Structures are given as structure tokens and as C-alpha cells.
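Since the structure of chain A is provided, determine the placement of chain B on it from the hints.
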Amino acid sequence: MGRRVFLGTLGLGALGVVAAPTLQRGLEGVLGAVSGRDPTGLSGLLPNGGGFRYYSVAASVPHKDATAYRLTVDGLVDHPATYTLADLRAMPRTRMVRDVQCVTGWRVPGTPFEGVRLSHLLDLAGVRARAGAVRFTCFDGTYSESLTLAQARRSDVLVALRMQNRDLVHEHGGPVRLYVAPMYFYKSAKWLSGITVTDRVEPGYWEHLGYDVDAWVGRSNGRTDVPTG
Amino acid sequence: MSLRADTPAPAGTRVRRFTRAERWVHRTTAALMGVCVVTAACLYVPPLAELVGRRELVVRVHECAGLALPAPVLLGLASRAFRADLRLLDRFGPHDRLWLRAALYRDKRRSSRPAGKFNAGQKIYAAWIAGAGLVMLGTGLMMWFTHLTPLAWRTGATFVHDWLALTIGIVLAGHIGMALGDPEARRGLRTGLVTHAWAADEHPLWRP
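As you go down the protein sequences, you meet chains A and B in turn. Heads up, the first sequence is in our numbering, so the first residue is 4 and it goes up one at a time. Heads up, the second sequence is in our numbering, so the first residue is 11 and it goes up one at a time.
There may be inaccurate statements among the hints.
[To be verified] Here are the in silico distance ranges between beta carbons for each label pair:
{"no.": "1", "chain 1": "A", "residue 1": "G14", "chain 2": "B", "residue 2": "A88", "range": "25 to 31 Å"}
{"no.": "2", "chain 1": "B", "residue 1": "R107", "chain 2": "A", "residue 2": "P115", "range": "56 to 62 Å"}
{"no.": "3", "chain 1": "A", "residue 1": "A22", "chain 2": "B", "residue 2": "A94", "range": "36 to 42 Å"}
{"no.": "4", "chain 1": "A", "residue 1": "G232", "chain 2": "B", "residue 2": "L151", "range": "31 to 37 Å"}
{"no.": "5", "chain 1": "B", "residue 1": "A88", "chain 2": "A", "residue 2": "D102", "range": "51 to 57 Å"}
[Claimed, not checked] With the Cβ distance kept under 8 Å, some of the chain A side facing chain B (calculated, not the full set):
{"no.": "6", "residue": "M4"}
{"no.": "7", "residue": "R6"}
{"no.": "8", "residue": "L13"}
{"no.": "9", "residue": "L26"}
{"no.": "10", "residue": "V111"}
Calculated directly from the structure, the hints in this document are not laboratory data. It should be emphasised that the depicted structure is a prediction, and the values quoted were computed from it without experimental measurement. Glycine included, C-beta positions come from ideal geometry on N, C-alpha and C.
Bound conformation, chain A alone (with noise of 0.2 Å):
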């Protein structure tokens, strides 16, 4: 009997996998529509409870407000510049709603994002004819991103200042975050200080732990989620 029992488990674990993909869809559906009606947040503390998940590399992040905050634009470029909060939100600005993907599987729907295009910095800043690559670093210390210069100057890449229509809080990369549409949700750095131009691509920190560059949503990473382009 015990051994019925530790087989079953077994089984309905076997079975669990196997039948996921189904069960998953019915639970998204139902969870969705409890936690946009839960006061209490628990239903988000579920797997696939909805919404954002915080993930950090790093022990501790430094809270950066609109004084403390300054964003470099280096490398090579005829104008390297340093902006405060102030100037990046006097800049024009663009809105996008799309979905959110994770690598790890949770999506979030319709989320809105608001920022400067990062083509409008490299612009300002005059990228030399030898670059071909952009990378990325922030105040965590740790975290850093990078794009192929054809990506970076897609117009569905932004310098983001708010999210969910307000400013963008500390625990979502706030003061200002990166956000590449197009791709898994690692390449949209959180507290972004940095952006230098270089010659070539160098990986970025989940990219030397075996996640793709080119980071498709649905073309990478061995995934075929819907893309979010």
C-alpha cells in the first residue's frame, strides 16, 4: 500500500509533465481572473498567480531618486554625454503597449511602457562609422545587456521612464530601465547608468550563463512563445 502510494506520486508527477501544457492554459485563465480581483496579492505568490516577478543578480541594489540619478552615454561616439532624470524626461517621448515575456515563462499582457528611443541617444550622441554594438550597464554593479547596433536602433527599443502608466518604481528597474520590445524581458535591464557604444557585441551577464544574444521572443532560447515584437 505505501508503495501504491509512493507510485502513484510518481505517476501524477509523470503525468503533471506531460499534461502541463493544457493545465497551465486552464490555470492562467482562471488565476488571471482571480488576481485582478484579490485585495490581499496573495494569488500573485501562486505560479503563474500573474504579473511581475522580481529577479536581481545582485546583493543589494543602491535606490537611485531624480538627484542621484545620471545615465552615461560613452564609447564610441563624437558627444559622450551625461543626463539626469530631468533631461531624459524633457526629451520626446514614445508609448508602447505590448506583452512581456519571460524566458522563464510568465507573460504578462498589455503592459504599457513609456520612455525616450534609444536611437534619439545614439543620435544625440553621434555614433562613429567603425561601432557596431551597444552595451549596457547599471547601477546594481552586476547586471549589464547588450544589442547589435541594428537592434538598439529599432524604434520599439526605449530608454523607459514609466510603466504601467507611472513613473518607474525601484523594484521594476526604476528610475529608468532599458525595454527591447521584441525580446525575452533579461535583455530590458533594470537600473540602467550606462550605455557604450562598441565595435562588437560583448554578451551580457545571463548571455555568458547560456541565454541567446538575439533574443527573440519565440526565435530563441529554444522557446516558440508568441512574439511580442
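Structure of chain B alone, referenced to chain A:
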């Protein structure tokens, strides 16, 4: 008919319930499980994740503890007493059915809950947690070594790992809660000895 055995020994006498090997199997398994639960919480509960950060390190500790989790039981197989316990846990008798029915109807009378060395609840818990632990190990390995299995399996493994983790957390809380409510049972696992009175009360069919 009462299933309770006559117990002529004087109250307060201590009887041996667990040998050193059995106690160490439980202790090390509990410690490793504790590490798994704490690191899992630091990966999945947002306020804890924000507090701890260091995602890569926490993942590595979780993986190592999870991989080591079956080791105490496997090493314990060298102990005759532990193997005897496993046989007792596996064997269900008619009295176990009575025990389960009483548990179902919240009948707390001792006479309606006959049990040998292990009661029916402990037997089911042991079998389930062993199976669940292996499912966690298997799905965990699929998430760890992502190139070993096709993508669909990996997504399924993540799904099962997440939900089973939540289930194990709840069941484990029940397991610990019941232990907190029974100091003599805890003493049995700490010192190996329990009072004769407790044994006669909780495990009347057990012949130490």
C-alpha cells in the same frame, strides 16, 4: 472489541523508538529539506527575492541541497533498524483503515485510532513525500540541465516543480505543526527514547 493491548509495564519507563541511524536520517533529511524550502522562498516570494538578490548563488545552493536530499535515506539503508522501519511504513493492516476513518471523521478518541509503530497517517505521509521528493528531483534536473530534454518537457517540468513545491510546503507545514503539538514524539526523534505511557497511548499495537 478493543484493539488496545494490555500494557503491564509501569508508566514512566522509557522504550527505544529510534536508533542513532534512524535519527540521523531524519535530521539530515530535515536539514536539506529546510535549505530547499528557504532557498525556494528566496527565489519565488517577491519580498524575499528583493531582500536577498544573488539569484545565481541561491539557485546553486537550492540545486545542491535538492540533489543531496535522497542521500540520507540511501545511506540509511545500511541500517537494519531503518530497513525495518521502511518495511513497517510500507505495510498497511486493517487497523490502519480504522485509523484513517477516525481521522476523516475527526474522531480523536484513542480507542478509535489503533496504530503500530507508525500510524496510518505517518505511513501515507512517508510514501507520498518520498514520491513527491523524487518528482521534484526529476523535474528539477530537467530544469537544471536544459539541453537533456525537449522544450515541451522542460516547460512541463517547471509547471510540476512549481505547483508540487507549493503542495509540499503546505504538507510539510502540517508535518511540523503536528510534531510541535507532540513533545514526546519529538523527544523520540531527538533522544531515541519515548515513555512507555506515550507509546501505549499513541501506538498501542507497537511492540518495542
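> Hints broken by the structure, by number, lowest first?
Replying inline: Result: hint 10 breaks, nothing else.
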